[in-house]
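Peer 1: Here are the chains, one letter per residue:
Number of protein chains: 2
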Amino acid sequence: MTYAVAFYLESGLVFAADSRTNAGVDDVSTYRKLTVFDNPGERLMTLLASGNLAVTQAITEVLRQGIKSKNKKKKNGALNLMNAPDMFTAAQVVGEAVRQVYQHDHEALREHNEEFRIGLIFGGQIKGGEPPRLFFIYSAGNFIEASQDSPYFQIGENKYGKPIIDRTITHQSTMVQAAKACLLSFDSTMRSNISVGLPIDLLCYRKDTFKRGLTMRVDEKDDYFQSVRGYWGDALRFAFEEMPNPDWKI
Amino acid sequence: MTYAVAFYLESGLVFAADSRTNAGVDDVSTYRKLTVFDNPGERLMTLLASGNLAVTQAITEVLRQGIKSKNKKKKNGALNLMNAPDMFTAAQVVGEAVRQVYQHDHEALREHNEEFRIGLIFGGQIKGGEPPRLFFIYSAGNFIEASQDSPYFQIGENKYGKPIIDRTITHQSTMVQAAKACLLSFDSTMRSNISVGLPIDLLCYRKDTFKRGLTMRVDEKDDYFQSVRGYWGDALRFAFEEMPNPDWKI
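Residue numbers (this note's numbering), protein chains in the order written: chain A, 1 to 250; chain B, 1 to 250.
Each hint should be verified, as a subset may be incorrect.
The list cannot tell twin chains apart, which means a pair is met if one copy fits it or any two copies do.
[What the hints assert, rightly or not] In silico lysine-lysine, DSS-like type, Cα no more than 25 Å apart, as pairs:
| # | residue 1 | residue 2 |
| --- | --- | --- |
| 1 | Lys68 | Lys211 |
| 2 | Lys211 | Lys127 |
| 3 | Lys221 | Lys249 |
| 4 | Lys221 | Lys127 |
| 5 | Lys221 | Lys68 |
| 6 | Lys127 | Lys207 |
| 7 | Lys68 | Lys127 |
| 8 | Lys127 | Lys249 |
| 9 | Lys221 | Lys207 |
| 10 | Lys68 | Lys249 |
| 11 | Lys249 | Lys211 |
| 12 | Lys249 | Lys207 |
| 13 | Lys211 | Lys221 |
Honestly, the hints are just simulated from the structure, not real lab data.
With the hints as extra help, turn the sequences into a complete structure.
Peer 2: Shown next, in the form of structure tokens:
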């Protein structure tokens, strides 16, 4: 399972993904699900992926190959993540990569009763006047965009970690607030679903910088994450104990 | 969708269920999903049901018919919820009702691409020396029992409301604490899934009373529930704002 979340903020974008994959509980590994495509100073894009790992790795590979072959002037290979003029076009490039892998693999997957079901979050900024943009890309390669009203996307095991985000984060939140909410959201998820696990890959992108901001891996040795987990558990229990009792006769 | 939860506490049992059913977002109704079977002073049992409403209503009906026909001495109808000698046997009676409805309906359901998939929580106490017991009954009619280590069961849309319970409730919690955690858990769930809705049916059973304790319906006009929602949102935001910042350069 995967849990990943990205925030669309006034000040930029924040991406986070866990790194546990499992093919059954007896086959658990660590894989990076956060991939950066960047040309520092000119563009930065980040892709978060959930679903069948073979499929999502193939999609990332198609995107990388597309960039490598940019000078070969293939008829249908002209557009790639490094020359797309804007983020909408870049999201279309990712959508095309999804469709290419679908064409290649879906029949074989069906033979083995595997669904072609993935979720991708893709966002970033390209020099040229547009603000950062954030997209949720479906298995069909089409996509929706985050907005001020809906300033975040989640993929994978999204439910346990959603309430805390809904209560704390808006488009106007700071990047530090979003990073903190991220960690709490992961904490809630990991407590309830052992197939979501550390380390967490975190990337913060500050608007109009066109390069990576804070890029880090949070693991079980991270002091801040440990302190957050303790703090939050205590704070919730305290708030719960302080909550007024009903005047019901129980 | 349904959300229902029940707690297995040292001091008794607490049951709660929402009452929204929907067959598509354009067909939403209110149905009671909490059913009491009792003989005050001698036994009290409560059933919470999620899944296809036609199936769960049929199961309840089979259980009621079984009680009505108790004096007819049918060969296979001898055991029912009112004469079962203990809670394990009573849970078996419920399991048999599930299997009876399955036999009657599953082929027709399959014809219409509907799965026979339900979840039942069943608990109570019968005079005779045993403490209250709580069971989770599967579509197959078999069941598991709550324990001190796993002191609650949820059915239906369980994920949004699970983290708050995990952090606040143990087998040693009081019934008031469990009722409060119930309301918070429903609040988190209803904020994220509109197919779970008010009113909430709540029933508290205090050990060795063999009759209903607090039995109430919490609707949008309930002052306490409204104050809880406001209090909890404020408390979480306050705790979040007070949470120490990381020393990361973002």
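Peer 1: With reference to the structure, classify each hint as holding or not holding.
Peer 2: Hints, verified against the model:
no.	hint	in the structure
1	Lys68 - Lys211	within (20 Å within a copy, 74 Å between copies)
2	Lys211 - Lys127	within (11 Å within a copy, 70 Å between copies)
3	Lys221 - Lys249	between (47 Å within a copy, 19 Å between copies)
4	Lys221 - Lys127	neither (37 Å within a copy, 52 Å between copies)
5	Lys221 - Lys68	neither (37 Å within a copy, 62 Å between copies)
6	Lys127 - Lys207	within (11 Å within a copy, 68 Å between copies)
7	Lys68 - Lys127	within (21 Å within a copy, 76 Å between copies)
8	Lys127 - Lys249	between (64 Å within a copy, 23 Å between copies)
9	Lys221 - Lys207	neither (30 Å within a copy, 45 Å between copies)
10	Lys68 - Lys249	neither (71 Å within a copy, 33 Å between copies)
11	Lys249 - Lys211	between (60 Å within a copy, 14 Å between copies)
12	Lys249 - Lys207	between (55 Å within a copy, 15 Å between copies)
13	Lys211 - Lys221	neither (27 Å within a copy, 51 Å between copies)
Hints 4, 5, 9, 10 and 13 from the earlier list are contradicted by this structure; the remaining hints agree with it.
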